[in-house]
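Which chain is which? The protein sequence lines are R and C, in order. For the record, in the first sequence the residue sitting at position 236 is 236 according to the working numbering, with numbers rising by one throughout. To convert, take the position in the second sequence, counting from 1, and add 1000; that gives the working numbering.
Please keep in mind that the hints were generated in silico from the structure rather than gathered at the bench. One or more hints might be untrue.
[What the hints assert, rightly or not] Derived lysine-lysine pairs resembling DSS-like cross-links, with alpha carbons at most 27 Å apart:
{"#": "1", "chain 1": "R", "residue 1": "K120", "chain 2": "C", "residue 2": "K1006"}
{"#": "2", "chain 1": "R", "residue 1": "K417", "chain 2": "C", "residue 2": "K1006"}
{"#": "3", "chain 1": "R", "residue 1": "K417", "chain 2": "C", "residue 2": "K1007"}
{"#": "4", "chain 1": "C", "residue 1": "K1006", "chain 2": "R", "residue 2": "K103"}
{"#": "5", "chain 1": "R", "residue 1": "K105", "chain 2": "R", "residue 2": "K266"}
{"#": "6", "chain 1": "C", "residue 1": "K1007", "chain 2": "R", "residue 2": "K105"}
{"#": "7", "chain 1": "R", "residue 1": "K103", "chain 2": "R", "residue 2": "K368"}
{"#": "8", "chain 1": "R", "residue 1": "K266", "chain 2": "C", "residue 2": "K1006"}
{"#": "9", "chain 1": "R", "residue 1": "K368", "chain 2": "R", "residue 2": "K105"}
{"#": "10", "chain 1": "C", "residue 1": "K1007", "chain 2": "R", "residue 2": "K103"}
{"#": "11", "chain 1": "C", "residue 1": "K1007", "chain 2": "R", "residue 2": "K266"}
{"#": "12", "chain 1": "R", "residue 1": "K417", "chain 2": "R", "residue 2": "K105"}
{"#": "13", "chain 1": "R", "residue 1": "K120", "chain 2": "R", "residue 2": "K368"}
{"#": "14", "chain 1": "R", "residue 1": "K266", "chain 2": "R", "residue 2": "K103"}
{"#": "15", "chain 1": "R", "residue 1": "K120", "chain 2": "R", "residue 2": "K417"}
{"#": "16", "chain 1": "R", "residue 1": "K103", "chain 2": "R", "residue 2": "K120"}
{"#": "17", "chain 1": "R", "residue 1": "K105", "chain 2": "R", "residue 2": "K120"}
{"#": "18", "chain 1": "R", "residue 1": "K105", "chain 2": "C", "residue 2": "K1006"}
{"#": "19", "chain 1": "R", "residue 1": "K103", "chain 2": "R", "residue 2": "K417"}
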Amino acid sequence: MSPSAIALTTIFAIVAIGGGIGFVAGLHRKMDLEQWSVGGRGFGPLLMYLLLAGEIYTTFSFLGASGWAYSRGGPTLYILAYITLAYVVSFFILPPLWELGRKHKLQTQSDFFNMRYGNKYLGAFVCGVGVVFLLPYFQLQVTGLGIIVSIASFDGIGRTPAMVISIVVIAAFVFASGIRAIAWVSILKDALMLLAAVSIGIAVPYVYFGGIGPMFAALARSRPAHLTMPGATADLGHPWYITTVLLTSLGLYMWPQGFAANFTAKSADTVRRNAVLMPLYTITLAFIFFVGFTAVLVVPGLADGDLSLLTIVRRTFPPWFLGVIGGAGALTAMVPAAIMVLAASTLFAKNLYRPLFAPGMTDDAVAKLARWMVVVLSLIGLYLAVYRSTTLVSLLLLGYAGVTQFFPGVILGLFWKRATMAGVFTGLIAGVGTVALLTLSNHDPLFGWSAGFVALCLNFLIATGLSFIQPLKDSIATPARA
Amino acid sequence: MTVPVKKPSPIALLLGLIPFIAMCLSVPLWDRIYPMILGLPFNLAWLLSWTVLTSLCLVGAYRMEARRDDDHREDK
């Protein structure tokens, strides 16, 4: 067998095992809307942990983080800080959200906004914004899959056909099985991901420099500026770091799918315990950084930094091992992609289409529409990945700039009884508008600040300001009592 | 349960603030290569140690919140 055939066969075998687990988990269960999208609210600590780990450790951390370590250097450290700090935020906001979710039978983020602020247009707007900003995140996974397959084929399969194959597999997987299947595939994915990250993080620097320490010593001698901020960039300095870490750590659980996954936990205590443990999982990201930093010295001059991890793995190891790493990477893209498509299509059907266009729709019809939306969104994601390519990290940051705009509405809604619908709605529109304006006109970062953070500040000021000046009686007109 | 929900205890919040200061706001103080720690650049070593310390801060916060929940139940 040729090297590319060995690598590709290994990848497809791993993906097939993952898919098989998913289909089996999805069999023999009655699939109503709640079962399909929140797994019947019965996940214990282990499955819940895997589900959360599964969607947070994505292609972004695998290929994107090493890609940025390679092409940008020091600014990449923001990833280690933001994920850790996001768990701190989750410790305080997820347990009360879970309680509300159980009390009011919430399944999605829009459900929360509807329940708290009592306005179906706000709920629908939240839904629309969530779906739109999930697209870059979904596109990221599809692009990553394309990179994996084309590198593993030793460039024999082009990126576009590779992405088409990937999309079909993801859509089929979600279409057939729903969230419980995804949680079980996460087990395989996380075990492989951990194994892959640690082994290449140690082995790659060892092969070329005799260890991680000597590798950093060599890099510090030849390219000292690469290891601190702003690294190889002009404008990603400390102000960018602080504003980006704040934006993204507040935003991690504002992703519609992360928000919805929280409702699948067994208890508020499960959620809190997860938050305590999860920072320890971020340590594995450092191993991915090691690979990217080694690549700076070993395979300099790649046009696309996102290729650096797989390029150096291909150069260092035999083809079957490239296949194992590629297979881990493929599952790492497919699991989150499946969760994203599932969340986005359920949201669209339940919180945008039904309330605005077809109030009389039954839950069964909503579930059916959601399934068809899986196909539609997959095709849109494919289109974007083929025609609008950019670096993986930039895609993620664009999504964050959007979804973090939900944060004021969530935090004020939870803890401040005077927060009003008008204030939160206006703030959200202003925030999303600012993100769109600054991003489309290429003003991110704005004077060294993350554009999403600038928008978030504006959003927050408007939401609190307007809520504050409204007469008190308007603000507690919410159906908040249990 | 009503909205707004019960606020977290001030001590738990303070414990949650510590990692934000250490890993985010204080970046100019620790973003350098030397001294290297166990072969890692100082900034990377600093952040890695804080992932563990953050977990410890949250263990403390968890204890605070769990105790408060218990007290709450006894009140009833």
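(request) Sort out which numbered hints this structure fails and list those numbers smallest first. (result) Those not satisfied: there are none.
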